[in-house]
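*Asks:* If you read the sequences in order, they're chains A and B.
Numbering-wise, our numbering puts 33 at position 9 of the first sequence, and it's gapless, one number per residue.
Numbering-wise, our numbering puts 189 at position 184 of the second sequence, and it's gapless, one number per residue.
Think of the hints as simulated: they come from the structure by calculation, not from any bench.
Just so it is clear, the structure is predicted and the values come from calculations on it, not from any experiment.
Keep in mind that a hint or two might mislead.
Claimed, not checked - Only part of the chain A face toward chain B is listed, based on derived beta-carbon distances under 8 Å:
no. : residue
1   : 91
2   : 131
3   : 151
4   : 494
5   : 521
Quick reminder that beta carbons are idealized off the backbone N, C-alpha and C, glycines included.
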Amino acid sequence: MAGPHGRRNMQPRPKVKDPKKTFKRLFGVILEKYTIHLIAVFVCIIVSVLANVQGTMFIQKLIDDYIIPMVQTVTAGGVADFTPLLLAITRVAAFYLVGAAATYAYSRIMVYVTQGTMLNLRRRIFEHMESLPVKYFDTHPHGDIMSVYTNDVDTLRQMISQSMPQMFSSLITIVSVLVSMVMLSIPLTLVSVGMVFVMMFATKTIASKSGKFFLAQQQDLGKENGYIEEMMKGQKVVKVFNHEKKSVEEFKELNEKLFHSSYNANKFANILMPVNAQLGNVSYVLCAITGCLLFVISGGAWITVGRIVSFLSFNKSFSQPINQLSQQINSIVMALAGAERVFELLDEESEQDNGYVTLVNAEKKDGRLCESDKRTGVWAWKHVHQATGEVEYKPLEGALVMDDVDFGYTDDKIVLHNIDLYAKPGQKIAFVGSTGAGKTTITNLINRFYDIQDGKIRYDGININKIKKSDLRRSLGIVLQETSLFSDTIMENIRYGRLDATDEEVIAAAKLANADSFIRQLPNGYQTVIKADGGNLSQGQRQMLAIARAAVADPPALILDEATSSIDTRTEKMVQESMDKLMKGRTTFVIAHRLSTVKNSDCIIVLEKGRIIERGTHDQLLEQKGKYYQLYTGKAS
Amino acid sequence: MIKTLAVHIKGYIRESVMTPLFMILEVVMETIIPWLMASMIDEGVSKGNLNHVVTTGLLMGLCALVALFAGYMGGVFGAKASAGFAKNLREAMFINIQSFSFANIDKYSTAGLVTRMTTDVTNLQNAYQMILRICFRAPINLIAAMTMTLIINAKLATVYLVAIAFLALVLIFVVSRTYKLFSEVFERYDDLNANVQENVSSIRVVKAFVREEHEVGKFNKAAYNLYRLFVKAENMMVSVSPVMTLTVYGSMIAISWFGANMIVGGELSTGELTSMLTFCMQILMSLMMLALIFVMLTMSMASAKRISGVLSERSTLTNPEDPDYDVPDGSIDFENVFFSYSKKSERPVLNNINLSISSGETIGIIGGTGSSKTSLVNLIGRLYDVNEGSVKVGGKDVRSYDLETLRDKVSVVLQKNVLFSGTILDNLRWGNENATEEECVKACRLACADDFIQTFPEKYNTKIEQGGTNVSGGQKQRLCIARALLKKPKILILDDSTSAVDTATDAKIRRAFAEEIPDTTKLIISQRVSSVENADRIVVMDNGEINAVGTHEQLLESCEIYREIYVAQTVGNGDFDKKGEM
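Only chain A is shown next, with the shape it has when bound in the complex (with noise of 0.2 Å):
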């Protein structure tokens, strides 16, 4: 997504607060079903490593000890024997495939490690973070999240399936190398190792510079990003006031900008890879010319020309893993803050639920209240105290009570203050006030998506504490202002509301909400798939297909969010239509916008800045002549 929030992959790249323990629990997480499949990786590419080293060794050998003394048999006048060279070169040739084969069986193994384990956390996150509370989702940019999931799952996949393999690949390169070097010669092995320092010196020099250009870049382009982003938003607007030049003119200077950093950050970039090559070319020379030098003084004492030859393909084969490995090591530094995200998310505390109360189905046998495991359409709250063990059945009937409520989203900040209110089953209760009043706020409180930090709620006479959260909202329906749809059909989206309705019962509840008649008339009727954020449905419709996703839950409460956006009048009375017969025999809480909504409650219930002002019935508070009053007139009294 590309709201403000979601340009993590364009930030700088970020630091890692602790690698080790990171890296730790990365490599944890992976093991837990794969060391098998680690270990064989393992093996695997020390035989791919070591049946590639054998090879380039091989090519001393071909030249010492069977070309040359063949060369010698011939010039002296006898018949090459080609039986020795052809044994070695079937031998090398078997080592070939095995190294091949092993290659291949590392590669395939690391396809189902790294998928798995994407799997693994993909699953993980998506898990843990359906356990969060709503708390985490109001505090956390939704961009960030879902930058989890995109960036940061993704990194790992590249760093787990290439840079790990590969640098484990590259230091086994490395070591056997060196060892093969050292083994032919000591003293070229130095000036190769010496070589090695001052490309790694380069390396560093032109890598810090171009890292400082691509930060500078990463930079420039979110600017640009986020100008271009508002421009297009705007764009309509540019067009009314004639803006177009002066746009133009300010995107320019972005831009320019952009361009310089983009072009000095690629600039260095550009550059390493030949200076490296040139300066494995110059390590090649040195090398030659020392073995020659060596070989000369010695007269073939200390060095033999196949051994120099051998070195000098070594020389070259060392040089390259060591530059692999630094690129790596970048890649690895991004892996890991992106797994330092993933883990954040994943200790995220999950919601917690200490409620013991539990929603069951119940029949009334001789006047008393039964458990029943069938669908009884009675529902009665369980409550096993847990001192005695005794079990009572209380009927569910919807009795909300809130006695002396504080709360606030964080400690120090408290947003409601002392809210009393009662509401006997069945019950309507409007809240009305300005924005900010803390409308919302008391309704995210009967749910629990929030806990109050003083006070009392009770339902039916249980404080909602000792209810079950996954019961208490399953008692409790809900029809938001943001109607939030899934891409799904509409079927489907209905049946939310109670996974086990039938197809009938899905219509019937459509029917209640008004929506069936627009539902016929799309083409694919309850079959149509609602497009991503419901873009082929109107508002009006959209309000009403949660309305019937509400009324198919049959809950004994409600809490309603009535929809402000400005919709026409007709399709404004239908919804209205809808929510009035979906509120019918419920108790019901209610943000209400509309006059026919406040009229016809119970009570109406003035907030303003998280205090209850005024409460009464419709005529009651006209004649106080206060808030209510004048948000109803329009007039100050």
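Given the structure of chain A, go ahead and fit chain B onto it with the hints provided.
*Replies:* Chain B only, in chain A's frame:
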């Protein structure tokens, strides 16, 4: 498409030509170096000729220096050419988008345009740099290395020809297969992320209906399907590596065997053999490189298509050849106007509109959603062109005016309005760049915005966040009205611009308009009867036609639709408090 894009290399042609030239020089040097290595071994090391080793070494050093220089210059020019190309593309797109008419804008989504200007351009920048630096390099490298092997020993070189042909076939096969698989993988991947996105934004619904487990189950299934596809695609990809290594190993063994035979036969030297083996890697690497380029280029094709789409989009509105720069007054005439957004649609959005508004009149416009109220007023500022008939402002057809002049005199407060990041003053001055602070304050008083601005600690210098998120809906609307007022327009159009303002303030704004700018023609679109009932005349729109025109009283008597709306809003069904509260 390539032509549309290629034009934007301008300004960086020198760099674009120099880059491949330097890259070629580098490749030539890199081909000479192993050849020198061979000579060093044959003539120098083998014969113990230190002199030769040193001279060849020096020559090699020189070559390395030239290669370094070439590589450096190629890197620098390549970076400049591609960064410049990207800059030009972005600029050209931005400028072209600025010239878009409303009809053009409607075609693209904001997110779509942003992606085109950022991600897609970056893709092309990388692709272009690669073309310049590697596209020439890889084939030349291949040809150079092949030539060298042919020069050294044509017979042995045939081994490579066979290997190349074999690898090319395998690569083409695998790449084409995996490309398809991977595009499917990424599609599924997007779906999965869309699912997460939905869960994040709808978490309240998920939790309220206790559907966490249901969602987890759904996600797990989708994630597993993605896993299977991914594994399938990657396994395919992975199968390239053993083929690759086997081919390399195979050629090396073949070269060793035949080479040894030839050396013994006196046809080849040991040095030449080592050179042949060195070229082996070079040849196969460039082949891999070519395959990679192929994949990258096909992937950037999609970006190229999207960018050239924006670049070749032409504005549907153009300035007249001999434009009129004078708008005499604020009168508006609609004469037999027909309008539709798309030529293909059967029913026009506006159907035979005839309406005459005199300068200084206040006109209310009311009607259900989809009754074309907005479409009607959008024609006045020539945001769209009519299909038939004509719209006149000040007695002249809007198409005869200079667009800028017309839009300066016709100020529209759009339904979907936007504030930009910057201070309140910055935003207000969109209306008039040279407005003094006093003028701004005056406009804000008129729009009833001064009161709340004064409550901000930094008053008129308060920073507005991107998208205006730090002011409420009602405040935003009032600021937008003030901004429009600063243009001192002859015609002011408010398109549902006070929907989030409470009724009392709404009335105050309208009163201020009547008293302070009586000569400005005012058009007010609203869902609320209370917003239009005091207008000089009210236009009732229904289904793209004017249903009735008249005063509040006249319409109550004669127009059924108007009466219906009025009854619905006043008798127990109206808004209770301010609309648009979030």
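*Asks:* If a hint holds in the structure, say so; if it doesn't, say that too.
*Replies:* A quick look at each hint next to the structure:
| no. | hint | in the structure |
| --- | --- | --- |
| 1 | 91 | 5 Å, holds |
| 2 | 131 | 4 Å, holds |
| 3 | 151 | 5 Å, holds |
| 4 | 494 | 4 Å, holds |
| 5 | 521 | 6 Å, holds |
In this structure, every one of the numbered hints holds.
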